[in-house]
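If you read the sequences in order, they're chains A, B, C, D, E and F. The opening position of the first sequence corresponds to residue 1 in my numbering, with each subsequent residue numbered one higher. The opening position of the second sequence corresponds to residue 1 in my numbering, with each subsequent residue numbered one higher. The opening position of the third sequence corresponds to residue 1 in my numbering, with each subsequent residue numbered one higher. The opening position of the fourth sequence corresponds to residue 1 in my numbering, with each subsequent residue numbered one higher. The opening position of the fifth sequence corresponds to residue 1 in my numbering, with each subsequent residue numbered one higher. The opening position of the sixth sequence corresponds to residue 1 in my numbering, with each subsequent residue numbered one higher.
Hints are computed from structural coordinates only; laboratory data are not their basis. Watch out, some of these pointers could steer you wrong.
[What the hints assert, rightly or not] Pairs of lysine to any residue, SDA-like flavour, derived with a Cα cap of 25 angstroms:
no., chain 1, residue 1, chain 2, residue 2
1, E, K85, B, I451
2, A, K104, F, R103
3, D, K34, E, K3
4, C, K205, B, R335
5, F, K34, E, G105
6, A, K336, B, K385
7, D, K34, F, V96
8, D, K17, F, E75
9, E, K2, D, K17
10, B, K267, D, G24
11, A, K385, B, P416
12, D, K85, F, K40
13, E, K34, B, H479
14, D, K40, F, K40
15, F, K40, E, K85
16, C, K104, E, K3
17, F, K34, A, E466
18, D, K34, F, E62
19, B, K267, F, R103
20, E, K40, B, E273
21, B, K267, D, S94
22, A, K267, F, T79
23, F, K34, A, N278
24, A, K385, B, D475
25, A, K104, F, P57
26, A, K385, F, E15
27, E, K34, D, Y51
28, B, K104, D, A111
29, F, K17, A, T332
30, A, K336, B, R335
31, B, K104, D, K34
32, E, K40, D, G24
33, E, K40, B, R335
34, B, K385, E, K3
35, F, K34, E, Y51
36, F, K85, A, K385
37, D, K17, B, R335
Predicted model only: the values in this text are computed from it and were never measured.
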Amino acid sequence: MKTWIKFSKVLAASAALLMTAPVVTVAHAAAVTSEAAVSEAAPASEAAPAEAAAAEAPAPALLAHQKPLELDLASSSFVFLSTALVLMMTLPGLALFYGGMVRKKNVIATVTQSVAVSCVAGILWYVVGYSLSFGVADKALFGLPAETVNKFIGGFDTVLLKGVTKDTAFNLAPGLPEMLWISYQMTFAIITPALITGAFAERIKLSGLLLFMALWSVFVYAPICHQVWGGGFMGSMGVLDFAGGAVVHVNSGVAGLVAALFLGRRKGYGTEEMAPNNLIFVMIGAALLFVGWIGFNAGSAWTPDGIGAAALLNTILAALAAALSWKLVEWTIRRKPSLLGILSGLVAGLVAITPAAGFVNPTGALIIGLIAGPVCYVFASWVKKLLGYDDSLDAFGIHGAGGALGAVLTGVFADPAINSLSEGASVGTQIMGLVYTILWSAIGTLVILVICKFTTGLRVSEADEEAGLDSALHDEVHH
Amino acid sequence: MKTWIKFSKVLAASAALLMTAPVVTVAHAAAVTSEAAVSEAAPASEAAPAEAAAAEAPAPALLAHQKPLELDLASSSFVFLSTALVLMMTLPGLALFYGGMVRKKNVIATVTQSVAVSCVAGILWYVVGYSLSFGVADKALFGLPAETVNKFIGGFDTVLLKGVTKDTAFNLAPGLPEMLWISYQMTFAIITPALITGAFAERIKLSGLLLFMALWSVFVYAPICHQVWGGGFMGSMGVLDFAGGAVVHVNSGVAGLVAALFLGRRKGYGTEEMAPNNLIFVMIGAALLFVGWIGFNAGSAWTPDGIGAAALLNTILAALAAALSWKLVEWTIRRKPSLLGILSGLVAGLVAITPAAGFVNPTGALIIGLIAGPVCYVFASWVKKLLGYDDSLDAFGIHGAGGALGAVLTGVFADPAINSLSEGASVGTQIMGLVYTILWSAIGTLVILVICKFTTGLRVSEADEEAGLDSALHDEVHH
Amino acid sequence: MKTWIKFSKVLAASAALLMTAPVVTVAHAAAVTSEAAVSEAAPASEAAPAEAAAAEAPAPALLAHQKPLELDLASSSFVFLSTALVLMMTLPGLALFYGGMVRKKNVIATVTQSVAVSCVAGILWYVVGYSLSFGVADKALFGLPAETVNKFIGGFDTVLLKGVTKDTAFNLAPGLPEMLWISYQMTFAIITPALITGAFAERIKLSGLLLFMALWSVFVYAPICHQVWGGGFMGSMGVLDFAGGAVVHVNSGVAGLVAALFLGRRKGYGTEEMAPNNLIFVMIGAALLFVGWIGFNAGSAWTPDGIGAAALLNTILAALAAALSWKLVEWTIRRKPSLLGILSGLVAGLVAITPAAGFVNPTGALIIGLIAGPVCYVFASWVKKLLGYDDSLDAFGIHGAGGALGAVLTGVFADPAINSLSEGASVGTQIMGLVYTILWSAIGTLVILVICKFTTGLRVSEADEEAGLDSALHDEVHH
Amino acid sequence: MKKIEAVIKPFKLDEVKEALQEIGVQGMTVLEAKGYGRQKGHSELYRGAEYVVDFLPKIKIELVVADDLAPAALEAIQTAARTGKIGDGKIFVSDVIDVVRIRTGESGPQAV
Amino acid sequence: MKKIEAVIKPFKLDEVKEALQEIGVQGMTVLEAKGYGRQKGHSELYRGAEYVVDFLPKIKIELVVADDLAPAALEAIQTAARTGKIGDGKIFVSDVIDVVRIRTGESGPQAV
Amino acid sequence: MKKIEAVIKPFKLDEVKEALQEIGVQGMTVLEAKGYGRQKGHSELYRGAEYVVDFLPKIKIELVVADDLAPAALEAIQTAARTGKIGDGKIFVSDVIDVVRIRTGESGPQAV
Ligand SMILES: Nc1ncnc2c1ncn2[C@@H]1O[C@H](COP(=O)(O)OP(=O)(O)O)[C@@H](O)[C@H]1O
Ligand SMILES: Nc1ncnc2c1ncn2[C@@H]1O[C@H](COP(=O)(O)OP(=O)(O)O)[C@@H](O)[C@H]1O
Ligand SMILES: Nc1ncnc2c1ncn2[C@@H]1O[C@H](COP(=O)(O)OP(=O)(O)O)[C@@H](O)[C@H]1O
């Protein structure tokens, strides 16, 4: 306890320092996005006392990635909502979406995976993930100068959230309290690894899963996140990824494919019936993913302005269009459209619109959705069958394929009337970004799989697989 | 692809034009509602540069229903949240509410209906629904002058969302980006037809359903929406409908009744057991409807001000009161109150308070709720039995009856202390609005049913009905 | 009807009075929290006309607990969202969390309890609860002067929400419409009694439950709420309870323990299998509690500022940490970690961080979570077994123990860098607050139980318990 | 006494029960089952994997009756359960040595 | 060998199992069932439609025992399952020609 | 005719079905069951309460075959269902007096 009281005191002292710094009031709050350029409107008379205050006290010691918080309550409220929505995507959304699709003997294990991955990824985000993703690398590494390192990965300066106070902000979003920013980004860092679990469902060990996810969060997710959004080279290169087509979906989809190949097929794959145990759970899951995805995509505008609104509308339209097009394809080919199909289409559309959400116009979004349905259908139904890998719940077929499709189509449909950044859109750049992401993800995943294989192990025993992971790993049964 | 790049350019050009127009900054943002009259507070010094800018560039070509966006981030954040909530009402809310109430052999089909209707209604909203609902009719039709036409239906000027940019707003809500407005209203355009599916559940063909819903969205929903909210004659007449008592509930309830009568009863109705297959799904559905309804009702204030807060409190109170009163009636009559009963009451209260939400005070809301429980109970339990129609899941008994009751009681309890519009409230006007809505909905629905009957057909074969729609239409089974 | 029109008129008149009072416009809106001290920034030129208006008309007759609304739309939007989230915690969250844990024959009854308790507690909140919690006692009672009474309980001045208009606010949150405040607080007044149902699940009569909850809401919840948050003595004493560690969790947990002891064990407890009927429902419930808890904890900052963001991040971190630590303990002891375990840990972490959310830093939150897992594990698994009481779903083991732990640790980890109020934190004061809360809750609960026992009765007959409450009380069966 | 076991289509249960009631059968026990037979199942396709659903949902009824009631019961079941389409099901008859009513301890035909 | 089939009230399963264990029964198979008999069901009312629930949840136990153990098993079940109220259920006894233990291929009484 | 009842491990159902199909069995009925036997269940622990799960999930297959097919069916089931580990299950054979095909009214061996 004593240590803690000391700790509090140290924190209190540093906070006191910070608090004498210029506190920008609500009335000054600049909007988060470049659009809302209110700076001209800020009356000089109000700026003056702030300057005065700054003169009285030493400036706060901000880290390289930080700015002082210029609290924009409205945008904070919006991002707060988005955080809740994205959190809901994983729990209970994804847990149910995946849990409903496995066989009854693996429901509990599958659901547990989403929960456990959330724990590991969330806590590691606090420990080191945020720092590596959004911090600035300030030390040379392997002989590379810090500046070069920072193109690939952030630094260790804000490990354990050191330097984060209630008055700091991430420099690209100065209107949002940094802890809000950290929370919002944490929900992305949680769902991305959780998505991978679909690829090797029904056959992975819990210890192996946890080790894999811990390493993957740090060595695959954080770097790619930094490269695209955190100041790294992909962002500077002009790769457009509004809400995570590459960072989240291609990344997790490719990791899933590699893992599925590495682990091998489930026992009985192709011969035994492996129908979903509960399509209603799948529906609830998909629907909550849908609702939550609004926070994922529109929330990535960081403020509910015109771009955020476009992202919202685009997300809904693309999802519905892809659900419809998948359904129509199935209706034609299979004669009877399935609920699983229309829901898979919905998710495929959501994935595909993710990189494009705030860059394209609604017509573009609709078309992206219409294309995403059949494309992901082909991957989940034919490519998988043809190539013979066992991507249990189509992490690759939907997230990998849909994400890549969306990333390319972002280059095609990006509309400068929606977002000025769209001017720089180019299919070439998008593809370069994709190729790079795929390589990093595939290689990183493979290395981590090898490590896990020789430490914790990865696959459960045949007997456990046959008995079902629920009773074998958790001693629980779902009736 | 080329076409698309061209398309982008055209859009970019028109957007460039728009962007030179006076952009009203956050600091200027006027609140959305009439209450928050901040205009006097806007310093002249800030208005001046805007005028100057306007002088420099040609004014943007706004459509008749548009205004330039005067971004109010706080209200946008609120409406954004409301959009998420209303979306959640249909998926997974309504899907579960209805899916849990049918027999096990029809769960998947019932759930699929909610999803598929969302696709059709959502995409049509983009194509033509928004234009017909909130656009302004500018062409004569059938010899009627445009102005008269506009009393009944909007125009085609914003078909495919033509003219909608990230800097436009709907003229009654200038603080919200138009795409946000379109998204929010889309969620209403989705749930309204989805509600009807309850009336003919367990016996309708999928193709018939989709054709019906497509026509209904365009020819019944859009006109009534326009008439009440989009500048049509009911709104001008002084019919009070805060969040859709007429537009959504009476409209869908009456359509449901007509459809139930037209399709005839389910095979075995009245003799075979047709108990709900899963009351827990019904509970989850009802609860998510409850939570989502907050976005539906309070969200209809378009800003979280005193009126929005009243709508929020009223919605919760009325729902709880109706749940309780339905329960007490059942407890008295049936001796054992059912979970289905208390949940039905909850929804009945939500329906009844919908038109009244922002017009009455909490005491009025409580009374409306207390009345709604028994009234809807009588409709769902006795009237249906007496008249012998088979409204499978009580789309009419709850939404039709509850909505009509609420519309009338809005006239009784409207309180000018809550909303200045309440001053004009009159039971007479409310009833006139109701009668008109009922007629339009009933006739429109009937015509559409006839069309469907002779094209796609409406009812599944007896064998399919017996086997269950899940396996007959979708080849899927819920265990 | 006439009465109602009269009523409207009276209200209209008083409202008219109010509306001539100075209406503070959006532009003036002061932030809700002390942090955002914008008052200095408000230009004198704008204050002047308001004063002038005040001179023209008589000041509105505000009640002692009220202030005129100084509408802060952004904070209102945030609290609105929080209200939706907390509502979702009870319905469907808690209903599912508890419903999934009982035996199959009691699912419907358990779920019904959450719904019915919501009705009773919500309506009573309108009738008298709000007044007793947040109103000011202005009459002497039992010979005690009003001022002393107010230390323990609020008054009757705003019974039936008398005096609440769309332009009033609760005095500590002048930026939020009072009806929004009432709604937000109502969701707390609903979930607190609903939590207790876990302690006596599977054996209580519906009538007994309703009477118990009605009395408990008024005589236990309202006073403690007033004492801590509504101006009573615990708040003044410096007891820190950010979002309800004492008010909600210790209070309901202790009530649960007393009720479990009073009612006695379930028939077959300890010998018959009483495994959860549906762990997936438990998961959905726990996950929705998790998501909703964000609104519970961060929402208690009343504005999405730095403190709110800290509460958000802390809540997520503590939950994940406790889930993990419970899991690890179970993995060690039981060899197979259960889904129920990791979910119980999640909830335990949420409970423990509740009093601390806006007072501690993320590291403190993580540690609180890590401690909460094992501590609640010990209570739910060992203490219960040792002492032999039957707290069916661990209302005490998790909410009581976790809440008390959190309250104490708030004293340990409170960090003034996060919240200036943390400076006054002291473990001693926290423990005094706890002891007091425990006493009031335990004694109040006991008295109410005795009253119920001799009026409605409390326990169902043995035969009904054996047959299951679903068919015995509701004539419904869950398959 | 005879034990009659009948496998029928699920939606025929109510009719069969009524038919049996009419001829005086006082009790029966019903089980959910899945049947494999000449009636072919459909094939379900999930994300590219096709499963032939061989087993169709059936209801199994078991009743023990006095020897003299057996023919009437057989007749009743057969009439009520028949749709004439493949998959209508089977009835099996076997001997029962003894019957005990748990509540009273009675045994033999009067216990049925 | 004899096959004993007993239809009992669900909450009696544990007691019956223990009673059988005590007299040395080594195995049994349990099925969920619904019973129709003298015990009348309740009626459920959903939104105006009333359904008489004729079928009540029951548990069916099946065990095959050597001939000499049969009377004791009958006795054990009857005692453990009886509540004295209507609906306690029935026990049926019939002959079994052969029993095979799959694991070992043993057959006859030693396979039970 | 003979009635063959087999209690097997759930994941063996497909193999057993195929083995029976091969020797010409045309129909069978399958029931979900729980088995108690030498194979011991695991214990589940919920919030401090430990439950020994005595009953393990099993599948019960019932088929009626002509007398001459019975030995082959027995053999097929035994081979397909055997894992060699405890809990593989049992097969019971008993006599059936009559079989009726509901659709056609045929009875006796040709109705199977
Ligand atoms: N030999 C058999 N043993 C046990 N059950 C059988 C047998 N043959 C058929 N059944 C049951 O009867 C049902 C109907 O049989 P099927 O061959 O499909 O049609 P039909 O009864 O018209 O000949 C099957 O699904 C199965 O449950
Ligand atoms: N003739 C019968 N054949 C098969 N099962 C029967 C028969 N009679 C009763 N049962 C089963 O026994 C259960 C109890 O029988 P019931 O007549 O209600 O009470 P009791 O056993 O006290 O006479 C029934 O629900 C049914 O499952
Ligand atoms: N005497 C019996 N009567 C009915 N079913 C039995 C009997 N003995 C065993 N069974 C069934 O067979 C299953 C397997 O039996 P068990 O003793 O566990 O292993 P094994 O078959 O290897 O001897 C049991 O779970 C039970 O369902």
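Okay, the hints, checked on the actual structure:
| no. | hint | in the structure |
| --- | --- | --- |
| 1 | E/K85 - B/I451 | 60 angstroms, violated |
| 2 | A/K104 - F/R103 | 35 angstroms, violated |
| 3 | D/K34 - E/K3 | 23 angstroms, holds |
| 4 | C/K205 - B/R335 | 14 angstroms, holds |
| 5 | F/K34 - E/G105 | 22 angstroms, holds |
| 6 | A/K336 - B/K385 | 35 angstroms, violated |
| 7 | D/K34 - F/V96 | 21 angstroms, holds |
| 8 | D/K17 - F/E75 | 37 angstroms, violated |
| 9 | E/K2 - D/K17 | 29 angstroms, violated |
| 10 | B/K267 - D/G24 | 28 angstroms, violated |
| 11 | A/K385 - B/P416 | 66 angstroms, violated |
| 12 | D/K85 - F/K40 | 44 angstroms, violated |
| 13 | E/K34 - B/H479 | 18 angstroms, holds |
| 14 | D/K40 - F/K40 | 38 angstroms, violated |
| 15 | F/K40 - E/K85 | 34 angstroms, violated |
| 16 | C/K104 - E/K3 | 31 angstroms, violated |
| 17 | F/K34 - A/E466 | 18 angstroms, holds |
| 18 | D/K34 - F/E62 | 10 angstroms, holds |
| 19 | B/K267 - F/R103 | 23 angstroms, holds |
| 20 | E/K40 - B/E273 | 17 angstroms, holds |
| 21 | B/K267 - D/S94 | 36 angstroms, violated |
| 22 | A/K267 - F/T79 | 20 angstroms, holds |
| 23 | F/K34 - A/N278 | 22 angstroms, holds |
| 24 | A/K385 - B/D475 | 21 angstroms, holds |
| 25 | A/K104 - F/P57 | 12 angstroms, holds |
| 26 | A/K385 - F/E15 | 23 angstroms, holds |
| 27 | E/K34 - D/Y51 | 30 angstroms, violated |
| 28 | B/K104 - D/A111 | 36 angstroms, violated |
| 29 | F/K17 - A/T332 | 33 angstroms, violated |
| 30 | A/K336 - B/R335 | 45 angstroms, violated |
| 31 | B/K104 - D/K34 | 16 angstroms, holds |
| 32 | E/K40 - D/G24 | 16 angstroms, holds |
| 33 | E/K40 - B/R335 | 18 angstroms, holds |
| 34 | B/K385 - E/K3 | 49 angstroms, violated |
| 35 | F/K34 - E/Y51 | 30 angstroms, violated |
| 36 | F/K85 - A/K385 | 34 angstroms, violated |
| 37 | D/K17 - B/R335 | 29 angstroms, violated |
Violated hints, listed in ascending order, are 1, 2, 6, 8, 9, 10, 11, 12, 14, 15, 16, 21, 27, 28, 29, 30, 34, 35, 36, 37; each of the other numbered hints is respected by the structure.
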